[in-house]
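*Asks:* Sequences are here, hints too, so could you generate the full structure?
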Amino acid sequence: MKKRCVITGLGIVCPVGNNVAESWNSIRLGKTGIHEVTSVNTEGCYAKLGGEVCCNDLPAPQYDRSVRLCIKAAVEAMGDAGLDGNAAGEAGIIIGSCIGGAVSIDEYLTAQKTGTEDNSKISNMAASSIANNAASYLGLNGVTANIVNACAAGTMSIAYACDLIQADSGSLFLAGGTDPFSSLAFAGFHALQALAAENCSPLNHSQGINLGEGSGILVVEEYEHAVARGAKIYCEVAGYGVNCDAYHITAPDPSGEGQMDVIRRALASAGAAPSDIAYVNAHGTGTAKNDEAEFLSLHTIFDGTNVSVSSTKSMTGHCLGAAGAVEAVFTVKAVSEGVLPPTIGYSEEDKIVLAKKAGALDFVANESRKKAIPMAMSNSFAFGGTNASIIFAKEGWKAPLTEAETETKIYVTGFGMQISQSQGMPVASLNLEMKDFTERGVKLGVFRKLDKFSQLQLLSGIDALECAGITVSEENERKIGTIIGTSAGPVTEVSNFQKNICDKGTTAGSAFTFPNTVYNAAGGHFSIFTKTKGYCATVANGTQAGLQSIAYACDVLKSGNEAIMLAAGTDEGSDMVTYFYEHSGINGSRTLGEGSSTVCLETLSSAETRNAHKYAEIAGYALTHSAGQACYTEQEAMRDAITAALNKAGIEPAAVDRIYAVTSNRENGALEEQVLNEMFGNTDRIDVREQTGDCRAASANMQVIEAAKAIDEKKIKTALAVAYGCGSYCAIVLK
Amino acid sequence: MERADVAAKIREMLIENLRIPAEILEDDSELFGGDIGLDSVDSLEIIAGIDDLYGVNMTGVDKTNFRDINALTNYVLEHAEA
Chain L
1 MKKRCVITGL GIVCPVGNNV AESWNSIRLG KTGIHEVTSV NTEGCYAKLG GEVCCNDLPA
61 PQYDRSVRLC IKAAVEAMGD AGLDGNAAGE AGIIIGSCIG GAVSIDEYLT AQKTGTEDNS
121 KISNMAASSI ANNAASYLGL NGVTANIVNA CAAGTMSIAY ACDLIQADSG SLFLAGGTDP
181 FSSLAFAGFH ALQALAAENC SPLNHSQGIN LGEGSGILVV EEYEHAVARG AKIYCEVAGY
241 GVNCDAYHIT APDPSGEGQM DVIRRALASA GAAPSDIAYV NAHGTGTAKN DEAEFLSLHT
301 IFDGTNVSVS STKSMTGHCL GAAGAVEAVF TVKAVSEGVL PPTIGYSEED KIVLAKKAGA
361 LDFVANESRK KAIPMAMSNS FAFGGTNASI IFAKEGWKAP LTEAETETKI YVTGFGMQIS
421 QSQGMPVASL NLEMKDFTER GVKLGVFRKL DKFSQLQLLS GIDALECAGI TVSEENERKI
481 GTIIGTSAGP VTEVSNFQKN ICDKGTTAGS AFTFPNTVYN AAGGHFSIFT KTKGYCATVA
541 NGTQAGLQSI AYACDVLKSG NEAIMLAAGT DEGSDMVTYF YEHSGINGSR TLGEGSSTVC
601 LETLSSAETR NAHKYAEIAG YALTHSAGQA CYTEQEAMRD AITAALNKAG IEPAAVDRIY
661 AVTSNRENGA LEEQVLNEMF GNTDRIDVRE QTGDCRAASA NMQVIEAAKA IDEKKIKTAL
721 AVAYGCGSYC AIVLK
Chain P
736 MERADVAAKI REMLIENLRI PAEILEDDSE LFGGDIGLDS VDSLEIIAGI DDLYGVNMTG
796 VDKTNFRDIN ALTNYVLEHA EA
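Protein sequences appear in the order of chains L and P.
Just so you know, we're using my numbering here: the first sequence kicks off at 1 and counts up by one.
Just so you know, we're using my numbering here: the second sequence kicks off at 736 and counts up by one.
Simulated from the structure, these hints should not be mistaken for lab results.
Some clues are possibly wrong.
[As the list claims (entries may be wrong)] Computed cross-link-like contacts, SDA-like style, restricted to lysine to any residue with a CA-CA straight-line distance of at most 25 Å:
no. : chain 1 : residue 1 : chain 2 : residue 2
1   : L       : Lys289    : P       : Gly795
2   : L       : Lys48     : P       : Met793
3   : L       : Lys499    : P       : Leu788
4   : L       : Lys499    : P       : Asn752
5   : L       : Lys289    : P       : Ile782
6   : L       : Lys435    : P       : Met793
7   : L       : Lys558    : L       : Ala358
8   : L       : Lys443    : P       : Ile750
*Replies:* Encoded structure:
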């Protein structure tokens, strides 16, 4: 890291309290928030318990419950950090979520049965809408993203906020996670028989999870920025790691290999040894598979230290995409107050069993305790094999600061694309057959598991690796990562799953379908097939997510762990997708297409070592967001993104040979055209959607492929790719 | 219940719920392992499907009963209420 990132504000709403004081008090007293579930119909279910938020004053009823919980926690965090309206305007917001707008999908489909559906709910369905809606409500104009890596998302969003600070993409972020209680998750985990019938008992009886809900928000701020405004500093974000098991779509690798690697990544980035960690907030879900793998990982890394470990999920339940954020709030409180949160639920007999299993590790059974905690770790392990680990330390911890910008050059060294052709039709689809998979070595057992979204991503990703001439081996598997951008994610699988339980009840959830309802399943399937075990993230943030994935991947490459990153844009089509776009009025007049586009990005040193063909250099990139208010309009945000990307590339607007633009669908992008005309006059301009239809994130991403090919063929020297989505712009300059 | 009907219904359920291509699914095709390659999550889906079709609960039943469509059919015929 080259900059220090600190935590200056906390906010929370969860099953054990509606603010930080209430929640932390419950945790210290070991009070559970698990009760009989009331928001989901549990008729016929073998399990009926869960942790629900009891709060009568959630703001913003026009939004999905995920957004309302998020805003509630964000308002508290902003107040705690002393951010009034003006100071907050520059803040960005990075939110982790597993299920996105599942409650809105449920409400829509339930109402549809009686013909009373409300089409205004459609725009709340995708996880893409969460950060944008929250930013709009709170008036935030900094960079946004929704990190949708299931149960690791809340931890990853804090890490990504730090990455953005390192990349000079902002100094102030609200970062965390949110997920509401939902029939989708309840029916899904019920079908997987992963719910506990009794109160969950993580790191103890391990008979399953209780689901929870809520939101945790942390104000993540660049240290000098915090000092300059006299902010109270809770602690430092000392380090973090993200990786992928590449083992199974729902289960952790029983060897704990991926978990141990991610813990080691976090320790290395913090410049810390296991013995520096005084407390670990474990993932600790309470399923047998999780707890066994986690015991093994913790013993392997921490035996011989005096670390204390607990699972606060024993009180909150598993808050999915919010879990990592809720637990980060508790971990920060643990560090700043010197209190170990307990794992509750141990009987006297259990404690005897625990003593054998725990060895020298301290599992803080039942009661909180005082302990000096200079440094603490919080771990999150998710569906799709995503692992994330983050370390908080008391102010003053000196993580190894790298020298300012040892300039890492990044090149496009390959690409793959599966994309529809518009051919003047209102809807363009891409028919994939089993032979498309078998000829790439994908066996039936894998192919069967893929929904359309995953199919598209798997093919374009495999083709990008092939095009770049990369063979994944034990030597490089942890150096290759993936960032996938999407607008709507696996909307067909989610809707089908939800429709089934709306029609037949909560017990009708499909164990087969449920794993694909998480947005990062496509990335998980890809990693499992290709055995790529580096950084992995899926970002849902409108069409421009297909470009933002490239900017994100470049930030990851610059942090130095990975040598190769695949950055993709993927959005599927289906009758369901067409219906939603038509009924929400957001598709404009263009053909609705589908596809996946993947760019292989590589550091100069890696490309040269492999003697790889370099198509083009990613010379500059920038992200901006407008909350849609008069003080900072979307046109200004677009101009700023382009200007910043050109500045980073050291290129004047007049030197840009060609512009690829995927604009908004409002008035067919007239406002954006105006900005481009002002900045670039009549420079050659291409809208890739004319050929392919509006493939959303795939369209945004394929612009970079088209630009890199044109540069490689010496048709042009420099190109700009820009895309809009959910109030955000991403601009990328290639040369 | 006619054996052939039960086998056909189970086959249809496997094709529909587990995306097994119809052209490769015979009554004696090995479901777990082999080309089809079902796993533990898929077995939960089969249990739910059989329960849905015939009210027969196969939770915790020995895995030999899941070997192929024939084995599943035998189990249903032996345990379904007439």
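*Asks:* I'd like to know which numbered hints this structure contradicts. Please list them from smallest to largest.
*Replies:* Violated: hints 6 and 7.
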